[in-house]
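Using the sequences and the hints given, assemble the complete structure.
For the protein sequence lines, the chains are U and V, in the order given.
Everything in the first sequence is counted per the working numbering, starting at 1 for the first residue and increasing by one.
Everything in the second sequence is counted per the working numbering, starting at 1 for the first residue and increasing by one.
I should point out that these hints are in silico values taken from the structure, not numbers from a laboratory.
Where a beta carbon is used, it is the ideal one built from N, C-alpha and C, also for glycine.
Heads up, some of the hints might be wrong.
What the hints assert, rightly or not - Label pairs and their calculated CB-CB ranges:
{"id": "1", "chain 1": "U", "residue 1": "Pro-495", "chain 2": "V", "residue 2": "Thr-120", "range": "33 to 41 Å"}
{"id": "2", "chain 1": "V", "residue 1": "Glu-130", "chain 2": "U", "residue 2": "Val-42", "range": "34 to 42 Å"}
{"id": "3", "chain 1": "U", "residue 1": "Trp-106", "chain 2": "V", "residue 2": "Arg-102", "range": "54 to 62 Å"}
{"id": "4", "chain 1": "V", "residue 1": "Asn-49", "chain 2": "U", "residue 2": "Lys-543", "range": "29 to 37 Å"}
{"id": "5", "chain 1": "V", "residue 1": "Thr-56", "chain 2": "U", "residue 2": "Gln-38", "range": "40 to 48 Å"}
{"id": "6", "chain 1": "V", "residue 1": "Asp-143", "chain 2": "U", "residue 2": "Lys-543", "range": "43 to 51 Å"}
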Amino acid sequence: MRKNNLLYTAWVLILITGSMFSCKPKNAGDAVSGDAAQQVYVAPGKYDEFYNFVSGGFNGQLSVYGLPSGRLLKIVPIFSVFPENGYGYSEETKPMLNTSQGFVPWDDQHHLELSQTNGEIDGRWIFANANNTPRVARVDLSTFKTAEIIELPNSAGNHSSPFITENTEYVVAGTRFAVPMDNDNGDVPINTYRKNFKASISFISVDKNSGNMNLAFQLRVPPVDFDLSHAGKNKSHDWFFFSCYNTEQANTLLEVNASQRDKDFILAVNWKKLEEYAKQGKGKKEAVQYAHNVYDETKHMATSTIEKQVLVLDAKDLKDVCYFIPCPKSPHGCDVDPSGEYIVGSGKLAALIPVFSFDKIQQAIANKKFIGEYDGIPVIEYEAALYGEVKKPGLGPLHTEFDGRGNAITTMFVSSEIVKWNIKDLKVIDRQSTYYSPGHLCIPGGDTKKPNGKYVIVYNKITKDRYLPTGPELAQSAQLFDISGDKMKLLLDFPTVGEPHYAQAVAASLIRDKSVKYFDINKNQNPYVTKGEAESKVVRNGKRVDIYITQIRSHFSPDNIEGIKAGDEVYWHVTNLEQDWDIPHGFAIKSVPENAELLVMPGETQTYKWMPKKAGIYPFYCTDFCSALHQEMQGYVRVSPAESNVPLTFSTGKNLPDSATAPPLLDK
Amino acid sequence: MKKLIFLSLFSAILLACSNSGEKNESNVSTSTTASTESTSSSNPSYDPNRGEGKFTHVDVSPTLDAAMADAGNKVYTVKCSACHKLTDEKLVGPGWKGVTQRHTAEWIMNFVTNTDDMLTKDPKAQAMLEICLVRMPNQHLTDQEARDVYEFMRKNDGVK
Numbered sequence: 001m002r003k004n005n006l007l008y009t010a011w012v013l014i015l016i017t018g019s020m021f022s023c024k025p026k027n028a029g030d031a032v033s034g035d036a037a038q039q040v041y042v043a044p045g046k047y048d049e050f051y052n053f054v055s056g057g058f059n060g061q062l063s064v065y066g067l068p069s070g071r072l073l074k075i076v077p078i079f080s081v082f083p084e085n086g087y088g089y090s091e092e093t094k095p096m097l098n099t100s101q102g103f104v105p106w107d108d109q110h111h112l113e114l115s116q117t118n119g120e121i122d123g124r125w126i127f128a129n130a131n132n133t134p135r136v137a138r139v140d141l142s143t144f145k146t147a148e149i150i151e152l153p154n155s156a157g158n159h160s161s162p163f164i165t166e167n168t169e170y171v172v173a174g175t176r177f178a179v180p181m182d183n184d185n186g187d188v189p190i191n192t193y194r195k196n197f198k199a200s201i202s203f204i205s206v207d208k209n210s211g212n213m214n215l216a217f218q219l220r221v222p223p224v225d226f227d228l229s230h231a232g233k234n235k236s237h238d239w240f241f242f243s244c245y246n247t248e249q250a251n252t253l254l255e256v257n258a259s260q261r262d263k264d265f266i267l268a269v270n271w272k273k274l275e276e277y278a279k280q281g282k283g284k285k286e287a288v289q290y291a292h293n294v295y296d297e298t299k300h301m302a303t304s305t306i307e308k309q310v311l312v313l314d315a316k317d318l319k320d321v322c323y324f325i326p327c328p329k330s331p332h333g334c335d336v337d338p339s340g341e342y343i344v345g346s347g348k349l350a351a352l353i354p355v356f357s358f359d360k361i362q363q364a365i366a367n368k369k370f371i372g373e374y375d376g377i378p379v380i381e382y383e384a385a386l387y388g389e390v391k392k393p394g395l396g397p398l399h400t401e402f403d404g405r406g407n408a409i410t411t412m413f414v415s416s417e418i419v420k421w422n423i424k425d426l427k428v429i430d431r432q433s434t435y436y437s438p439g440h441l442c443i444p445g446g447d448t449k450k451p452n453g454k455y456v457i458v459y460n461k462i463t464k465d466r467y468l469p470t471g472p473e474l475a476q477s478a479q480l481f482d483i484s485g486d487k488m489k490l491l492l493d494f495p496t497v498g499e500p501h502y503a504q505a506v507a508a509s510l511i512r513d514k515s516v517k518y519f520d521i522n523k524n525q526n527p528y529v530t531k532g533e534a535e536s537k538v539v540r541n542g543k544r545v546d547i548y549i550t551q552i553r554s555h556f557s558p559d560n561i562e563g564i565k566a567g568d569e570v571y572w573h574v575t576n577l578e579q580d581w582d583i584p585h586g587f588a589i590k591s592v593p594e595n596a597e598l599l600v601m602p603g604e605t606q607t608y609k610w611m612p613k614k615a616g617i618y619p620f621y622c623t624d625f626c627s628a629l630h631q632e633m634q635g636y637v638r639v640s641p642a643e644s645n646v647p648l649t650f651s652t653g654k655n656l657p658d659s660a661t662a663p664p665l666l667d668k
Numbered sequence: 001m002k003k004l005i006f007l008s009l010f011s012a013i014l015l016a017c018s019n020s021g022e023k024n025e026s027n028v029s030t031s032t033t034a035s036t037e038s039t040s041s042s043n044p045s046y047d048p049n050r051g052e053g054k055f056t057h058v059d060v061s062p063t064l065d066a067a068m069a070d071a072g073n074k075v076y077t078v079k080c081s082a083c084h085k086l087t088d089e090k091l092v093g094p095g096w097k098g099v100t101q102r103h104t105a106e107w108i109m110n111f112v113t114n115t116d117d118m119l120t121k122d123p124k125a126q127a128m129l130e131i132c133l134v135r136m137p138n139q140h141l142t143d144q145e146a147r148d149v150y151e152f153m154r155k156n157d158g159v160k
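Okay, here's the thing in structure tokens:
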């Protein structure tokens, strides 16, 4: 009897468990095939195949993931201060965030573009835009540090940026917000928008050896909102294409008033001609102010220069440079296929995807197939530029990248899916749900001449129930799909930091081996470097005190300092003497307002500013666990009242306590 | 009855697991010395006087090369002096007095340039690590810098 009961219970349990599995609610779990885990598993100690550089959106930074694992490898601070490593806090990095309006500690980082040679990713730099205070940055991919930031005059909302030409000749920066120009009176009624506001597209040249950026010239354009852009490739090499919306030129309730027209525009710009005109001296030089900040790798130090001039060319005066192409409806993505022939507009309110033909655009221009002019710029007939439309692709097409096998993949924001379609016959091949509301997507090299069509990564705007709940604010979700076959297969969900918009991915082999491991201490040109403990010192000059202090596992030199006075301006120049990979030392002092910590890389010097106000003893210590004796890596600095005459002294290991005060049992 | 059998089986498994766990731990605690012995005994090709690294033979003249020693002093000031005194007093690492009598030129130059490998394999390096407890950093000296530092060590040990 008892035996039967037991058997019965067991059967019931098995049945319940079985039915639980079969009744699992329909969600992405069903979409994941059996070998997904194997495809994304990167064994401990093994490297990922791709670097994925992901914009940080409202955190102002760039994050670096490994693919296919989705592991977060690094956050590179660009436009926002980063207390975690002292970026924007150390004296050496503060100038990176300087602008014509002073120090700006935050921005909104939307789009990234890896540098290219011959239309292919060359792995040297990655460019980033700041959407709020208009700026473009260059990050060095040997150090993963921000090397340069340039501010843009006559600009607001640098959204249509930082897209590049095939040989990184130029990085562009198109404005989302039209505003009165810097030299015009900005104190005007807002509803005089159509008369007083203008838009700008900046062309920043990039030195092909050093990478140094220079604001070469600006194109002045009508006051519409520029959204995204891409340069042509191969035969369309000389051209740049910019999507724009608000061709209604509304200045209030854009949600309704900028969605009136059936079609907005893609602006085609012949940048080669524009460059020629700029060189010929067309256009005019305007007196403006913008910051240009450069980080010097040998000095480990940034300088900020305020530039005073920009060359402006007005689109309406240049008859053969700019053409508008009608594009339904408030287009976002503006993507050029690997051949350079097809330009895909993604109208976020449209129920179709228009594909324009570069050849047809050229014919239309030659045959003047224009429907008229818009603020002096010819508007090409829609049909004359159109190759064809992808019918019923889904709702809310946003952004398209290419797999290199003749197909395109487009995100559908409203219907929460990605759609794969053939560029030639414009037929939909496959669609897969994403979770939820995808913004951008990324195929390694997917906007270059040579895509690597192994994966697509989709960056979703809404996360909802994808992960364990964490209160009202959730991490944004990214999803990795295998796109090597006809059907796209969901492999992995992974949370991201900030809010990813555009992203780039590249084979790790292009970057991995040139990663800098430490800085050669002998080549350190920082004016405050301390090359060896024998040089460590403390120097007073009036109220300014410079402390030349070194770090090595596991002590500071000096680690006892006396004679600092309340009201002094103290600079700690911290040099890390280590010469090995992955041995940074940290530096922090108790209770310092408006400062963070320093993380000093091996062979580097960074400076920490300290304005002690109150007499007392202040401990300082190493914040980055460096050795078994890391916890012993500490020191004291004594602050005396302003009028005191405590002499300036400093030492390591010499300032010993009186033996009469030895603690009990010390000799036992 | 059945429950009892089941329970006892279960606890037996648990015990078995914990036993093996303990064994593992005791293995770990003796492993430092065990591996030290095994490296020297089980690998007869390892030369503990030479260490492991690129230097197999270093030409050392009976007299000092003063220029090399001066260059070595400069390297010492930047990259070594934070942890090594020139006396026999231990700071972070051992003092350098007598170091050229304790080790061969090859061993010292291999240790300086191939630090991580030596700390993993070499019995004398491991013995020092047990005393100092801070892994010596690889300060990435060039071959010539390593040789210069060795000459400076010789000067410090009284070679004229």
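Worksheet item: Given a hinted range of 29 to 37 Å, is it respected by the beta-carbon distance of Asn-49 of chain V and Lys-543 of chain U?
Response: For Lys-543 of chain U against Asn-49 of chain V, whose Cβ atoms are near 58 Å apart, the range 29 to 37 Å is violated.
Worksheet item: Within 43 to 51 Å or not, the Cβ separation of Asp-143 of chain V and Lys-543 of chain U?
Response: Given range 43 to 51 Å: holds, Cβ gap about 48 Å.
Worksheet item: Holds or violated: 34 to 42 Å for the Cβ distance of Glu-130 of chain V and Val-42 of chain U?
Response: 35 Å, holds
Item to complete: With respect to the beta-carbon atoms only, verify the hint that Pro-495 of chain U and Thr-120 of chain V lie 33 to 41 Å apart.
Response: About 37 Å separates the Cβ atoms of Pro-495 of chain U and Thr-120 of chain V, which means 33 to 41 Å holds.
Discussion item. Given a hint of 40 to 48 Å, does the C-beta separation of Thr-56 of chain V and Gln-38 of chain U actually sit inside it?
Written reply: Given a distance of about 46 Å, which is inside 40 to 48 Å, the answer is holds.
Discussion item. Is 54 to 62 Å respected by the C-beta to C-beta distance linking Trp-106 of chain U and Arg-102 of chain V?
Written reply: 57 Å, holds
Consistency note: the structure conflicts with earlier hint 4 alone.
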